[in-house]
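Asks: Protein chains in written order, with this note's numbering: chain U, 1 to 110; chain L, 111 to 220.
Since the hints were derived computationally from the structure, they do not count as laboratory data.
It is possible that part of the hints are untrue.
[Stated by the list, open to error] Cross-link-like lysine to any residue pairs, in silico, SDA-like; alpha carbons within 20 Å at most:
(1) L/212 - U/75
(2) L/207 - U/58
(3) L/207 - U/8
(4) L/207 - U/60
(5) L/152 - U/107
(6) L/173 - L/205
(7) L/152 - U/57
(8) L/178 - L/163
(9) U/57 - L/207
(10) L/207 - U/107
(11) L/212 - U/24
(12) L/212 - U/41
(13) L/212 - U/106
(14) L/207 - L/147
(15) L/152 - L/111
(16) U/9 - U/85
(17) L/207 - U/62
(18) U/57 - L/112
(19) L/207 - L/142
(20) L/207 - U/75
(21) U/57 - L/179
(22) U/57 - L/203
(23) L/207 - U/94
(24) L/178 - L/166
(25) L/167 - U/96
(26) U/9 - L/149
(27) L/152 - U/39
(28) L/152 - U/41
(29) L/179 - L/113
(30) L/178 - L/205
(31) L/212 - U/56
(32) L/189 - L/160
(33) L/152 - U/16
(34) L/152 - U/24
(35) L/207 - U/56
(36) L/207 - L/168
Here the structure is a predicted model, which means the values were calculated and not measured.
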Amino acid sequence: NAGVTQTPKFQVLKTGQSMTLQCAQDMNHNSMYWYRQDPGMGLRLIYYSASEGTTDKGEVPNGYNVSRLNKREFSLRLESAAPSQTSVYFCASGPGYEQYFGPGTRLTVT
Amino acid sequence: EDQVTQSPEALRLQEGESSSLNCSYTVSGLRGLFWYRQDPGKGPEFLFTLYSAGEEKEKERLKATLTKKESFLHITAPKPEDSATYLCAVLGGANSKLTFGKGITLSVRP
Chain U
1 NAGVTQTPKF
11 QVLKTGQSMT
21 LQCAQDMNHN
31 SMYWYRQDPG
41 MGLRLIYYSA
51 SEGTTDKGEV
61 PNGYNVSRLN
71 KREFSLRLES
81 AAPSQTSVYF
91 CASGPGYEQY
101 FGPGTRLTVT
Chain L
111 EDQVTQSPEA
121 LRLQEGESSS
131 LNCSYTVSGL
141 RGLFWYRQDP
151 GKGPEFLFTL
161 YSAGEEKEKE
171 RLKATLTKKE
181 SFLHITAPKP
191 EDSATYLCAV
201 LGGANSKLTF
211 GKGITLSVRP
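I would like the entire structure built from these sequences, with the hints used as guidance.
Replies: Quick look at the structure:
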């Protein structure tokens, strides 16, 4: 039982490049979430998916897109990376509002 | 808009020196308050959920309590391995999303 896994662990992008962050959970949770964590800002919700086939915007969705591929997988895409998107990204899942987090992806945009 | 304020921002304790971390919240109709622990370079780890004023939960040296305005995380006789950042989050009203505080960084010296 791996819990929530994220790939990659680290990534460096140049401004304007695109990439997809992958997240998978093996706990059969309905809800999945993407957060970013910045120093002094706390965790901020980017997008979430309450169930397979649905996605909704969170607090800071601009510049991101998501796909709930199936019940296990929830990906986050940056279409044109900007330096302001330098952050640590966490995926989480949960049976309700309790959330279980992955190890994070540290993204740097230069 | 739900708001969460955690204090102090940082706390340094001697091993065995008990203390409390505070989480004050403003929410329209609290549906749940959540505590997480986050170690450097890792994702948050779920600790407790509290649902109503007067509720208490314990885990090893940690005890979480809840009133109508705030929650406390009491740490009894802390050890160096309790050093981490502790996050508080609330779920309120018609929201389906958690609002996180900025966290309290606890350092326990041997």
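Asks: Now tell me if each hint is right for this structure.
Replies: Consistency of the hints with the structure:
1. L/212 - U/75: 25 Å, violated
2. L/207 - U/58: 8 Å, holds
3. L/207 - U/8: Status violated; Cα separation ~26 Å.
4. L/207 - U/60: 13 Å, holds
5. L/152 - U/107: It holds: about 14 Å lies between the C-alpha atoms, which stays within 20 Å.
6. L/173 - L/205: Judged against 20 Å, a Cα distance of about 27 Å means the pair is violated.
7. L/152 - U/57: Violated, at roughly 25 Å.
8. L/178 - L/163: 6 Å, holds
9. U/57 - L/207: 10 Å, holds
10. L/207 - U/107: 24 Å, violated
11. L/212 - U/24: 26 Å, violated
12. L/212 - U/41: 6 Å, holds
13. L/212 - U/106: 19 Å, holds
14. L/207 - L/147: With a Cα-Cα distance of about 19 Å, the restraint between residue 207 of chain L and residue 147 of chain L holds, given a limit of 20 Å.
15. L/152 - L/111: 28 Å, violated
16. U/9 - U/85: 16 Å, holds
17. L/207 - U/62: Between residue 207 of chain L and residue 62 of chain U the Cα gap is close to 17 Å, so the pair holds against 20 Å.
18. U/57 - L/112: 17 Å, holds
19. L/207 - L/142: 11 Å, holds
20. L/207 - U/75: At roughly 18 Å apart (the allowed maximum being 20 Å), residue 75 of chain U and residue 207 of chain L satisfy the hint.
21. U/57 - L/179: 28 Å, violated
22. U/57 - L/203: With Cα atoms ~18 Å apart, residue 57 of chain U and residue 203 of chain L stay inside 20 Å; holds.
23. L/207 - U/94: 12 Å, holds
24. L/178 - L/166: Distance of about 13 Å is within 20 Å: holds.
25. L/167 - U/96: Holds, at about 19 Å.
26. U/9 - L/149: Distance ~16 Å between residue 9 of chain U and residue 149 of chain L Cα, so the pair holds.
27. L/152 - U/39: 14 Å, holds
28. L/152 - U/41: 17 Å, holds
29. L/179 - L/113: 11 Å, holds
30. L/178 - L/205: Satisfied, since the Cα-Cα distance of roughly 18 Å is no more than 20 Å.
31. L/212 - U/56: 23 Å, violated
32. L/189 - L/160: The given pair, whose Cα atoms are some 24 Å apart, is violated under the 20 Å limit.
33. L/152 - U/16: 28 Å, violated
34. L/152 - U/24: Given pair residue 152 of chain L, residue 24 of chain U holds - Cα atoms ~17 Å apart, limit 20 Å.
35. L/207 - U/56: 10 Å, holds
36. L/207 - L/168: 25 Å, violated
Comparing the model with each earlier hint shows violations of hints 1, 3, 6, 7, 10, 11, 15, 21, 31, 32, 33, 36; every other hint is respected.
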